[in-house]
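Chemist: Sequence:
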Amino acid sequence: MSTVTTPPSAAAAPRTRRLPARDSDRFVYVLALPVVAILVFLVLIPMLTTARSSAGGAGFADNYRSLLSGASGHALLLSVGISLASVLFCGALGTFLAVLLTRFEFPGRRLLSVFAVLPMALPPLIGAVAFVLLYSETGIVPRTLHSLTGLSPASSSIGGVSGVILVHAFTMYPYFYLSVSAALAGQDASLEEAATNLGAGRLRVWRTVLLPMLTPALVSGALLTFMMSMASFTAPQLYNVQTLTMEIVSARTSGNEALAATQATALSLVSIVFLVAMRWYQGRRVHRSLSKGSAAVRRGLSSGAARVAAGIGSLLLTIVLMAPVLVIVLVSFSVDGAWTTQVLPPEYTAANYQRIFTDPKSLMPVSVSVQTSLMATLAAILVGAAAAWVVARWKLAGRWTLDVVIMLPWALPGTVIGVNLVTTFNEPSAANLGLTLVGTLWILPVAYFVRFVPLVFRSTGASLEQLDPTLEEAARNLGAGPVRVLRTVTFPLVLRGVMAGALLAFVDGVGEYVASVVIYPPGTVPMSVEIYNRIYSSEFGTAAAFGSLQIVLILFVLFASRRLEDGPGRRRRRRRAPAVKPS
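Every letter in the sequence shown is one number past the one before it in the working numbering, and letter 287, counting from 1, is 287.
Hints in this document: simulated from the structure, not taken from any laboratory.
Note that beta-carbon positions come from the ideal geometry of N, C-alpha and C, so glycine has one too.
Be aware that a few hints might be false.
To be verified - Each pair of labels, with its calculated beta carbon distance range:
| hint | residue 1 | residue 2 | range |
| --- | --- | --- | --- |
| 1 | 60 | 110 | 34 to 42 Å |
| 2 | 430 | 347 | 42 to 50 Å |
| 3 | 60 | 347 | 51 to 59 Å |
| 4 | 145 | 398 | 51 to 59 Å |
| 5 | 61 | 344 | 53 to 61 Å |
| 6 | 440 | 92 | 42 to 50 Å |
| 7 | 345 | 45 | 14 to 22 Å |
| 8 | 433 | 354 | 41 to 49 Å |
| 9 | 144 | 347 | 17 to 25 Å |
| 10 | 492 | 276 | 25 to 33 Å |
| 11 | 492 | 137 | 49 to 57 Å |
| 12 | 304 | 343 | 35 to 43 Å |
| 13 | 469 | 145 | 37 to 45 Å |
| 14 | 556 | 533 | 20 to 28 Å |
Could you put the whole structure together from the sequences, leaning on the hints where they help?
Modeler: Structure follows, in structure tokens:
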């Protein structure tokens, strides 16, 4: 039998007896030393520099007074409102897809499970442009409706705040989808069987057993979505919505560094409050399984009509999710300047791709993005997974402090992260241990690591929340050391969470734009900056071609990771039971 949700008082009751320190407890604190050192050096010191800068200019009091009044105050409230709405819509869409694809077998499920994650592969800048081309007043959808029904494009278009929320909903829901999918795949099927045997209906099982067990995954998705939305820049820029990130860039552009630092600090504080609130909500109950059985089996559809309806529904849903990607591919074959008032481009060409593959310099941005993102992802796996385990097993004071420090970079706009690193590592000093990263290629993976290590940390932490420590204690009682327990017990059980976070980190690293445009060294332009340069030069076809190459790259990563994850299970299913001769 398993524990589903337990009040903290009840869960803590059997463990009130003080025990002497064990090797496993000491190992937690030993492992915490390098993790804390890396976070302090690369995260805390640059952020404290920003906070200290908020006292400059007109002074601490005047800077924060101007923040809370006028345009900055309105931008702060608007950012919070958009972020909460993004969490709501992303949570509904991502959780629905996770449940649908994890628990049900229907025609088109495997195809939809791959394309469900593809929207996060959209480059931030050109991805937002795709939504403008689709749903703005001059977009494909309003023009198509106008030609078919005579409906005014202005009445069917989506823009402003609604446009920003739309972009967020269809590009950020994978944060919910991946974490909830990993949690559902790791749940013990005996929980549902026990509840069903006790007379609970299907809806009650979901309400009282499964959804409470999904709380860590839902909290993880909510945190990542809220902070990503608060730090969003490209969507508000294209839809001309004055969020706090827009105000920060405007303040920096005008030279008001103190006000920009004040706004960045306020943005961080809002995200910290949301983080603490979510952690408090999650801490109200313990969501762990005391046993590890088999995963739930997907239920098939017995009715032929239901299978046809499910297949058509999955196809339509795939088309809706793929529409922005399809627009990028469409534009990549268009002739620059030929698409004006038509519903679709009137002329097509392959010259955009020929221009990329025939010019060796054009392939350099692809190589730079892949290499730097891969290095950052490997470092994020080591530090993020280790930090998640340290936070989960930490028994002394300071656990929440470490949690907040790791998640802080996710709360800041990429521009602030880039400027902080440039300021800190511009020239040798005692604070940076004599390291100079500005002007070198190393500053890109460092920025990506700082920016996206929260993804691996939060996703791994959600998996660890479902893993009861008694499983590790049992292995230690059998004589296994702390390192062997991590390698043979803990890591295999949380591998799905680690893989989900690593996939997010790599994909976001390849398409990262806002920080890259501030820090990239001359001669090594990442792909996202190259896309911006092409758009700025009105080479939309070539820019879309770069975006299409990135999508193909992400598709390859998705298929490869799926094969690595499902390979052992498929091989086991291929094994045949040996025939037994009757006696």
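Chemist: Does each hint fit the structure? Answer for all of them.
Modeler: Against the structure, the hints:
| no. | hint | verdict |
| --- | --- | --- |
| 1 | 60 x 110: 34 to 42 Å | violated, 56 Å |
| 2 | 430 x 347: 42 to 50 Å | violated, 60 Å |
| 3 | 60 x 347: 51 to 59 Å | holds, 58 Å |
| 4 | 145 x 398: 51 to 59 Å | holds, 57 Å |
| 5 | 61 x 344: 53 to 61 Å | holds, 56 Å |
| 6 | 440 x 92: 42 to 50 Å | holds, 44 Å |
| 7 | 345 x 45: 14 to 22 Å | violated, 49 Å |
| 8 | 433 x 354: 41 to 49 Å | holds, 47 Å |
| 9 | 144 x 347: 17 to 25 Å | holds, 19 Å |
| 10 | 492 x 276: 25 to 33 Å | holds, 32 Å |
| 11 | 492 x 137: 49 to 57 Å | holds, 52 Å |
| 12 | 304 x 343: 35 to 43 Å | holds, 37 Å |
| 13 | 469 x 145: 37 to 45 Å | violated, 56 Å |
| 14 | 556 x 533: 20 to 28 Å | holds, 25 Å |
Figure legend: structure checked against the earlier numbered hints; hints not met, in rising order: 1, 2, 7, 13.
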